[in-house]
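2 protein chains.
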Amino acid sequence: MEIKIEAIAIVKNKREGLSDDFWGGILTEVELLPHIPSASLNGIETFSHLEILFQFDKVSDATIVFSGHPRGNKEWPDIGIFAQRKKDRPNRLGLTIVELVERKERSLLVKNLDAINGTPVIDIKPIMKEFLPDSPIKQPGWATELMVDYWKNRQ
Amino acid sequence: MEIKIEAIAIVKNKREGLSDDFWGGILTEVELLPHIPSASLNGIETFSHLEILFQFDKVSDATIVFSGHPRGNKEWPDIGIFAQRKKDRPNRLGLTIVELVERKERSLLVKNLDAINGTPVIDIKPIMKEFLPDSPIKQPGWATELMVDYWKNRQ
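First to last, the protein sequences are chains A and B. Be aware that the first sequence starts at 0, since it is given in numbering that gives the first Met the number 0, and climbs by one per residue. Be aware that the second sequence starts at 0, since it is given in numbering that gives the first Met the number 0, and climbs by one per residue.
These are calculated hints, taken from the structure and not from any lab test. A portion of the hints provided could be inaccurate.
In this list, chains with the same sequence are indistinguishable; a pair is considered to hold if it fits within one copy or across any two.
As the list claims (entries may be wrong) - The calculated BS3-like cross-link candidates involving lysine-lysine, where the alpha carbons are at most 25 Å apart (straight line), are:
(1) Lys137 <-> Lys103
(2) Lys73 <-> Lys128
(3) Lys85 <-> Lys103
(4) Lys73 <-> Lys137
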């Protein structure tokens, strides 16, 4: 079941290399591609948070796995890819909730997007509180350990 | 920038017709397609919530808009498509946080997935609390009004 989609915007920031941690404080501009009209962003400034869907386009087919130890760390269990947020995954799709800082005419300034410069964006959705979990979140210990430095600022 | 992706799973539930409201209490099975190994779900039961990415495959190109009044309601403002979660959108991508009820060998039983029977699923990600918003959510009045019946049970 092949599905064809198209980038609708592109990530512009100062983050060039692939790396796992220290995404804190990064400001990113998400800029619409020429075929998408500016009106598609109208009213978006009335929301505080957005979901950005993107593709990890630098990931090659060869590194995609169906399961493995997160970050190759043998102290963490061998986990299925759909129980991880690792980038080397079928379809190479990424998804992050960001804070909207400013809407410009054809771009959005956002905080805390963990995607590098040049990444294709395939959708943007507003966060409504009714779509957030309404019961307590349970997650395994390895996930909490893995996230310790993720949103920290680089020293 | 064309991007080719493939369905990894399919939605199985009793919801056949397209409709806007009353998604409450619906149980859905998300079943892996044959080319995806069962191991890709290993350990997923250690998470309480998942993000399901899917495609609204019944939406035709003709109904896709870049902006409009949500649900055609003129009492609500004319809003860009990226400030709405409407299905008739570029790339027709859907995305919902669900509660995981049970992991079976090759499928997941989930609660509160707003996708109809037969919908192709393109990714599954675990919710980690570090990826949820850590500042208060702001949303416009029309969004709150629109959501009033969304998660209610059908009478």
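Now for the hints, and whether the structure bears them out:
In this assembly of identical chains, the alpha carbons of Lys137 and Lys103 lie at most 25 Å apart only when taken from different copies (19 Å versus 37 Å within one copy). Within a single copy, Lys73 and Lys128 get their C-alpha atoms only as close as 37 Å, which misses the 25 Å cut-off; across copies the closest is 23 Å, which meets it. In this homomeric assembly, Lys85 and Lys103 come within 25 Å of each other (Cα to Cα) only across copies, at 22 Å, whereas the closest approach inside a single copy is 31 Å. Taking the shortest Cα distances, Lys73 and Lys137 sit within 25 Å of each other inside one copy (22 Å), while across copies they are farther apart (41 Å).
Against the hints set out earlier in the document, no violation occurs for any number.
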